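Undergrad: These protein sequences, in sequence, are chains A and B. In the numbering used here, each number is its position in the first sequence, counted from 1, plus 50. In the numbering used here, each number is its position in the second sequence, counted from 1, plus 115.
These aren't lab readings, by the way, just hints derived from the structure by calculation. A quick note: this is a predicted structure, and the numbers were derived from the prediction, not measured. Mixed in with the good hints there might be a few duds.
One side only, chain A facing chain B, incomplete, derived with CB under 8 Å [as the list claims (entries may be wrong)]:
(1) 94
(2) 100
(3) 104
(4) 149
Below are the DSSO-like pairs computed for lysine-lysine, each with C-alpha atoms no more than 30 Å apart in a straight line [claimed, not checked]:
(5) A/105 <-> A/128
(6) B/128 <-> A/120
(7) A/105 <-> A/123
(8) A/105 <-> B/172
(9) A/123 <-> B/172
If you anchor each label on the Cβ, the simulated ranges turn out as follows [said to hold, decoys possible]:
(10) B/171 <-> A/61: 39 to 45 Å
(11) B/170 <-> A/128: 31 to 37 Å
(12) B/125 <-> A/68: 36 to 42 Å
(13) B/132 <-> A/121: 22 to 28 Å
(14) B/126 <-> A/135: 42 to 48 Å
Cβ atoms here follow ideal geometry from the backbone N, Cα and C, with glycine treated the same way.
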Amino acid sequence: AQTVTQSQPEMSVQEAETVTLSCTYDTSENNYYLFWYKQPPSRQMILVIRQEAYKQQNATENRFSVNFQKAAKSFSLKISDSQLGDTAMYFCAYAGNNRKLIWGLGTSLAVNP
Amino acid sequence: KAGVTQTPRYLIKTRGQQVTLSCSPISGHRSVSWYQQTPGQGLQFLFEYFSETQRNKGNFPGRFSGRQFSNSRSEMNVSTLELGDSALYLCASSLTGYHEQYFGPGTRLTVT
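Next comes chain A alone, as it looks inside the complex (with noise of 0.2 Å):
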């Protein structure tokens, strides 16, 4: 069975700096996607960055970006310029063939002014 980790709970960093948040994950699929997703305090998940395991090239949405190293199974997000709004819950999650989202236990990011 496919799992996602992360290994960090908790992270903070100040306004403006950069901060990685790391994923792990375990599967025998060589075709799937992989996922970060925002929930903000109170507030409705929101997808941050998405990525196909065929491409190669690490997927980027403005400020975010990934670094996604399949043979390691490692996908680690990466936010530039932090914001006071980037303080969220953030969620790994993965989707193999049978496209139910696998979900690591999330990291609690602040971002401190």
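With chain A's structure known, arrange chain B on it following the hints.
TA: Coordinates of chain B only, in the frame set by chain A:
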């Protein structure tokens, strides 16, 4: 386009009762998935519906059930509520299920 909507947003029920939660997906999205989110277990997949058929199911007891209507709206039902069913229930829609999922605000269920 309007986002995913879920009703009600908050619900308080007593043990043994049953509850029905509703989800309206983004227009054009045919796949609806349900998740349970708790502090202890995190996010867990309940089931996915596509074109009125349950296409995937997670590891939850039969007390948890769902359905999807022809307009893609979905409902989930929990019967014989237990204290451990207290959670945030999230609904997500997707074009086909093979794309990224878009989440609703959730229904906060408290069982007393």
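Undergrad: Indicate, hint by hint, whether the structure satisfies it.
TA: Okay, the hints, checked on the actual structure:
1. 94: holds (4 Å)
2. 100: Holds, about 5 Å.
3. 104: violated (13 Å)
4. 149: This hint holds: residue 149 of chain A lies near chain B, its Cβ roughly 5 Å from the closest one there, short of 8 Å.
5. A/105 <-> A/128: holds (18 Å)
6. B/128 <-> A/120: violated (45 Å)
7. A/105 <-> A/123: holds (14 Å)
8. A/105 <-> B/172: holds (29 Å)
9. A/123 <-> B/172: Holds - the C-alpha atoms of residue 172 of chain B and residue 123 of chain A are around 26 Å apart, at most 30 Å.
10. B/171 <-> A/61: 39 to 45 Å: violated (32 Å)
11. B/170 <-> A/128: 31 to 37 Å: holds (34 Å)
12. B/125 <-> A/68: 36 to 42 Å: holds (37 Å)
13. B/132 <-> A/121: 22 to 28 Å: violated (50 Å)
14. B/126 <-> A/135: 42 to 48 Å: violated (29 Å)
Checked against the numbered hints above, the structure violates hints 3, 6, 10, 13, 14; every other hint is satisfied.
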